[in-house]
Amino acid sequence: MTQNPSDSPPLCDVSWDEAERVVRFVWAPGSVCNEQEARIGTAAIRALGKGAVPMLVDMRQMKKLERDAREYYKTDKAGVSAMALLVGSPVTKMLANFFMRTDTDTTPTRMFTDEALAVTWLHEQRP
Amino acid sequence: MTTPPADRVEMLVALMGRLAAGDLHARQEPSGADDDIDAVIVGVNMLAEELEASHAELEARVIARTREVEQLNKELVELTQLASMLQTCATREEAYEVLRHGMTVMFSGLPGVVYLFNASRNSLERTVAWGGVDSAEVVNREDCWALRRGQPHEARQKGLGLRCAHVDLQVGDSVCIPLAAHGETTGLLYLAEQDPGSSDASASALTESVQQLGMAVGAQIALSFANLELRETLRLQALRDPLTGLFNRRFLDEWIDREINRADHAGATLGVIMADVDHFKEVNDVHGHDAGDQVLMAVANAIRGSLRAGDIPCRYGGEEFLILLTDISLDDLMVRAEAMRTNVARCSAEYRGVLLPAVTLSAGVALYPMHGSAAADVIKAADTALYAAKHGGRNRVNASNP
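Each protein sequence line maps, in turn, to chains A and B. Anchor point for the first sequence: position 4 equals 4 in our numbering, and the numbering is continuous, going up by one each time. Anchor point for the second sequence: position 235 equals 235 in our numbering, and the numbering is continuous, going up by one each time.
Worth flagging that the hints you see were computed from the coordinates, not collected in a lab. It cannot be assumed that every hint is accurate.
[Claimed, not checked] List of simulated lysine to any residue pairs, SDA-like, C-alpha gap at most 25 Å:
#1 Lys74/B / Val62/B
#2 Lys74/A / Leu58/B
#3 Lys63/A / Ala6/B
#4 Lys63/A / Ser108/B
Please read all numbers here as calculations on a predicted model, not as lab measurements.
From just these sequences and the hints, can you work out the full model?
Take a look at the structure:
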């Protein structure tokens with residue numbers, strides 16, 4: 001789990017899935033992502049040292065994606081090669097949809113409700 | 001207690017109503033049910049955030065643009081004022097003073113220099129400087145890329161712009177703008193940021209818009225100085241006799257009253273010599289008018305060579321000359337007139353390689369206020385004395401009778 005500067009519990013968990021060869025980025029239940037959290041997340045991805053690899057973002061429990069974070073992600077996605085957004089509830093679907101529609105970056109990004117399909121799609125995105 | 005869906009939808013409609021009315025700060029908290037209604041609330045909230053951000057960005061752009069327009073308007077007014085003032089200047093010295101003031105106002109915080117070509121046009125001299133710029137006093141054409149290329153040359157500290165040889169190494173970014181009018185380069189406008197190490201808070205940056213202003217000002221300066229030069233040339237042409245280079249009768253008519261006033265104030269005198277080339281008609285009749293012109297030029301040179309530095313020789317008309325000599329006694333006036341007569345008798349003129357016959361000069365002298373209380377009276381007295389000299393046998397000087 002990545003640790004934010006305050007004493008509050010970590011909001012996201014970033015890990016390397018060796019079997020699937022993807023980065024797993026899991027947002028904690030009820031997490032609100034602002035720019036600071038977004039920066040912590042991208043720093044954690046870079047710290048893995050895997051370079052341009054696909055990433056699975058599990059945002060099924062996310063509560064809110066604030067505007068400053070959305071703006072930040074337009075310019076920095078830690079160099080990942082593709083991004084699969086795993087959603088569940090109508091709210092997270094809305095968050096993911098909004099994020100994809102307003103993102104001007106060209107990194108391949110898709111929304112999934114099924115984790116296996118998301119991982120398969122990520123494999124297909126490998127060069 | 002959970003809010004009924006119908007109420008939540010009503011609250012959502014109210015939220016959209018506030019947004020539609022322009023309240024872009026309006027937001028609604030989702031209920032936490034994580035259902036479709038919450039999803040729409042989250043979506044509307046995010047949409048409102050985007051609208052608010054776009055609105056703020058547009059507002060910031062409008063403010064910035066308004067500032068630009070205001071600045072442009074201010075610069076336009078200053079430029080118009082500078083142009084108007086420069087057009088009013090009668091002398092170059094006046095124009096320098098106007099320019100020094102104008103440039104300090106228009107380019108406050110950005111030091112600079114206006115260089116103008118010297119009379120021989122082989123180098124440019126530092127004419128007006130402001131802002132304490134450290135720059136060369138004299139610039140050769142080869143030292144400046146802008147003058148060599150005939151277009152503005154920019155030298156950035158971070159960039160490829162080559163520095164001109166006349167630019168001090170200690171300044172920041174700089175630009176040289178050639179001053180050109182009527183197709184001729186007349187000078188150089190040099191603007192330079194202050195030393196980057198300087199802590200002067202009023203220092204300005206050499207932005208694109210400042211350079212644009214520099215070019216507009218440069219064009220105005222060039223045109224103003226060209227006009228000033230043209231006016232000066234026309235003025236001199238209007239007051240000089242083109243054949244001899246002496247002042248003409250129009251100049252004399254304006255000038256003599258000033259000299260009379262000056263003499264009155266200083267309690268001084270003003271001498272008048274009226275001179276006429278003897279038998280000049282014969283020269284014209286025998287050798288032609290072109291030969292006569294050569295004789296007149298030689299006589300004019302002989303007269304010039306007989307006078308003091310401040311004396312004013314004029315061609316009064318035809319072969320007649322009138323000379324004003326300030327603060328002089330009658331005796332000295334006679335001496336000068338006699339020297340003139342002698343020099344004219346000694347001078348020679350050639351036409352088409354043939355030496356023309358020597359001519360002589362008769363002259364009448366009169367002194368203000370001794371021989372008249374007004375300019376016309378003294379001139380008349382000198383003319384009468386000349387008439388007497390002619391009657392007395394010519395080639396002689398005659399003083400007016402008191």
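Verification of the supplied hints:
no., hint, in the structure
1, Lys74/B / Val62/B, "18 Å, holds"
2, Lys74/A / Leu58/B, "20 Å, holds"
3, Lys63/A / Ala6/B, "23 Å, holds"
4, Lys63/A / Ser108/B, "54 Å, violated"
Consistency with the previously given hints fails for number 4 only.
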